[in-house]
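S.K.: Residue numbers (my numbering), protein chains in the order written: chain R, 23 to 234; chain G, 23 to 234.
It is possible that part of the hints are untrue.
You can't tell identical chains apart in this list, so a pair holds if it fits in one copy or across any two.
[To be verified] In silico lysine-lysine, DSS-like type, Cα no more than 25 Å apart, as pairs:
no., residue 1, residue 2
1, K229, K152
2, K152, K225
3, K229, K217
4, K217, K104
5, K24, K228
These are calculated hints, taken from the structure and not from any lab test. Keep in mind that this is a model prediction, so the values were computed, not measured.
Protein chains: 2
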Amino acid sequence: MKSLTVEDLDAWNDSRKRARFINCLSGIKSAILVGTSNAQGVDNLAIFSSIFHLGADPSLMGMIVRPDVSPRHTLQNLIERKTYSLNLLPYDLRAQGHQTSARYPSDESEFETCGFSVERIRDLKVPFVKESQVKWLMELIRIVDIPENNTHMVIGRVVEVFYPEEILRDDGSLDLAATAPCLVTGLDSYHSVGKGIRYEYAKPGKKPQRLE
Amino acid sequence: MKSLTVEDLDAWNDSRKRARFINCLSGIKSAILVGTSNAQGVDNLAIFSSIFHLGADPSLMGMIVRPDVSPRHTLQNLIERKTYSLNLLPYDLRAQGHQTSARYPSDESEFETCGFSVERIRDLKVPFVKESQVKWLMELIRIVDIPENNTHMVIGRVVEVFYPEEILRDDGSLDLAATAPCLVTGLDSYHSVGKGIRYEYAKPGKKPQRLE
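Turn these sequences into a full structure, and let the hints steer you where they fit.
M.R.: In structure tokens:
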């Protein structure tokens, strides 16, 4: 087992190498495409991996937006429009998803440029990704500034969820793995996910029991 | 494609079913074991899936702690001790990891009870999980209260990282998938992860290029 302290990383004298290391550390996460529109109606699509559950009731999710990366358009748009879509990236479309992280100008839509189709749902004011099997509409609640590194935590509320009927189980859970979603490590490594194994609600004094 | 609004979920009249649905939605995430000790020296181990990257310089990570679930001991301990360990759960030990979510009393260590070995590293004041191949020491920076649902975002700083030598690539990234870590959907579904496919830094006007 090797070890590296943060001081060791500083000694690398290569901020990108250091960033790759720390970015990988937080583990393997879902790659989620964030869809927004700007005031001129230009759609924007950006890949995020720092989207997380904040609570079920109210149905809240958090998303970290960094100041120094291209998804800033996402932040501007969602502040203006108060709404955004979250779309699970299909594993088959990992290369296209990665391409949305390039720094496109604000008057160019990553949908067409990177190879995704815009899906308009009723009169909802955000673009969805047609190729995503699981996607949902978010409403901006509040933005928490994190002064330690000038990032922002966007707190949003889940408003409406779109999914294939067969992945909703009777107990309310979703079999996301059945839709072959894409996972990501760090900034550039994309992964498939295995079928899940479920366990019953854990109780002290009882061995873990498989559910299915 | 089916759709459900938050009002539809409310109409289920089953808060657990609703919680399962929303918990699944944020996607598939890494299962991370959080190790702490209390003032009496009793070790605590709890499984989390809401741990995320906040920034590389300084090396910050966030973690959401909910008020109504068992990892509250984790919150008390890390406030008292200002330090905690994060340990990637191996896929082989998914059942044991799930079992740490049971509500054990504060004078019982989940390490022994659930089948993990405590690893003490030098004079560091937190227990690590011996069976975890990738683990790191965190220092508490600050806790952000989220009044919308009484959760807390714990902001911590990565201090020192322990990993198998062979997973560190020359460019600073870590091949986490090579250590067979465990992923989780919702509250109870555990998954393996496929080998990663990497792409070069994305630029406008250039097709995504595979790195390896």
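S.K.: Taking the hints in turn, state whether each one holds.
M.R.: Now for the hints, and whether the structure bears them out:
In this homomeric assembly, K229 and K152 come within 25 Å of each other (Cα to Cα) only across copies, at 21 Å, whereas the closest approach inside a single copy is 43 Å. With identical chains, the CA atoms of K152 and K225 are at most 25 Å apart between copies only, with a shortest distance of 24 Å across copies and 41 Å within one. For the homomeric pair K229 and K217, the shortest alpha-carbon distance inside one copy (22 Å) is at most 25 Å, but the shortest distance between copies (31 Å) is not. Taking the closest pair of Cα atoms, K217 and K104 never come within 25 Å of each other, the shortest separation being 35 Å inside a single copy and 37 Å across copies.
In this assembly of identical chains, K24 and K228 lie within 25 Å of each other by CA distance neither inside one copy nor across copies; the values are 36 Å within and 37 Å between.
Going down the numbered hints, you'll see the structure goes against 4 and 5, while the others check out.
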